[in-house]
Amino acid sequence: MDDSPERPDPGGSSSKAPADGAEAPSGRPPGSRSGNRNRNRNRNRSRGGGGGASAGAGGGRPDGNRSHGNRGGGGASANPGGGRGQSSGRSGSGRASGAGRSGTGGSGRNSARPDGAARPGVEASRSTAVNPAVSATDLAAGVDEEAAVRANRRRAMTICLAPGGAAGVIAGLVLAVAGLPLIGAAAFVLATAVIALWLWHRAPGVLIRSLGASLSDEWEHPRLHNLVDGLCATMGLPRPTVCVVDSPVPNAMAVGRDPDSASLVVTSGLECSLTLVELEGALAHELVHIKRQDTAAAGVAVVVAAPVAALIGLGKATEWVHALIGQGRELSADQRASAVVRYPPGIASALDTMVSGEHAGSPWPPGRGRLAALTRWLWIDPMVGAQAGDPTAGNLDDTRVRSAALALD
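Numbering (the numbering used here), first residue to last: 709 to 1117.
Simulated from the structure, these hints should not be mistaken for laboratory data.
For clarity, every value in this text was computed on a predicted model and none was experimentally measured.
Glycine residues also receive a C-beta, built at the ideal position from the N, C-alpha and C atoms.
There's no promise every hint is true.
Have a look at the derived ranges for each label pair, beta carbon to beta carbon [unchecked claim]: (1) 1077 - 1115: 36 to 42 Å; (2) 861 - 887: 36 to 42 Å; (3) 925 - 894: 29 to 35 Å; (4) 1019 - 930: 28 to 34 Å; (5) 901 - 938: 26 to 32 Å.
Could you put the whole structure together from the sequences, leaning on the hints where they help?
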């Protein structure tokens, strides 16, 4: 007898895979080459990005999934590769990116493609949300304001350090001549620091008291406070302290070392003389000064110039204050305020009302003393206190020049 194993009939039913749990054909023991080939195929495909439960084609999950193939133990298979393979398992890193179980036959949402590329729309869904488009004008305005804030703070600190340094030099030289150089150096540092800190923190309060301003009650001035609250919300500013000066002259100014400690000073004639649109434009102008922090340099410059005025005269000291705080600051504030209120004619009309107002016999500036007289270039209308011989040619802060410039917008 021939001991060779019986060969399956090519045309018979031996080419079909037996049902689960059926005995393997006689001639192929369990663990034959077909079973090994099927396990190797499932193991290799599990590294290529397959996943879920798959039949025949195999495939596991990426990132270290376990692949269990050919649980039937070998035998014939419906696919050329061998028996029934089943791969399962969760990714070693958990469900990444909300994918769940992924694979070519899995049920995960963001399943990977066989070639390793991401499905269309997957990367878009993972990308972060894009902020709304910002116009180039707003971006440029933001950059200009940041640069203006830095420049104004440097100017304010320089003005604070100058008198302190001068006093420190005098004290240091006196002590050095007396044979105490170390004490002289310490006196220089101490005098500079003390005077600079005093000017930085106390100058705004000293200036407000010199004007005779008092705190405003929102019950007495509801329209004023309502406009200030709305403009502060629009400009992203904390609400400043609102003070009122008893004067029929329509005018306003802002002081303070930063937006958190700023004060808005208005005259009683401002609210009475201007319409709602004009008042909004004037208040926006002063809030721009607060936002740019040029109020810090303005307050310090006035306090520093007060003793100098006794030596060089009040008129020259006033022009010196104008040079210290920066010429053209009022025109620049008008332009920025017109962008805030979106209506340049409103600010231009407010300036025209201030220029043409009937306040010839009213005393100006408000308050008493040399310090109040030096505040001319801090007001929105600095030409109220102009003298007959004051030069106005080329002055960009002239109220009439600014009104004409706004009329061109």
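### Task
Evaluate the given range 36 to 42 Å for the C-beta pair formed by residue 1077 and residue 1115.
The hint (36 to 42 Å, Cβ to Cβ) holds, given that residue 1077 and residue 1115 are roughly 37 Å apart.
### Range agreement (Cβ of residue 938 with Cβ of residue 901, hint 26 to 32 Å)
violated, 41 Å
### Task
Using the Cβ atoms, figure out if residue 925 sits within 29 to 35 Å of residue 894.
At 49 Å between Cβs, range violated.
### Query
Could one say that the CB atoms of residue 861 and residue 887 fall in the range 36 to 42 Å?
Roughly 40 Å apart at Cβ, these two residues keep to the hinted range, so it holds.
### Query
Honestly, do residue 1019 and residue 930 meet the 28 to 34 Å range at C-beta?
Given about 46 Å between the Cβ atoms, the range is violated.
Going through the hint list in order, the structure does not satisfy hints 3, 4 and 5.
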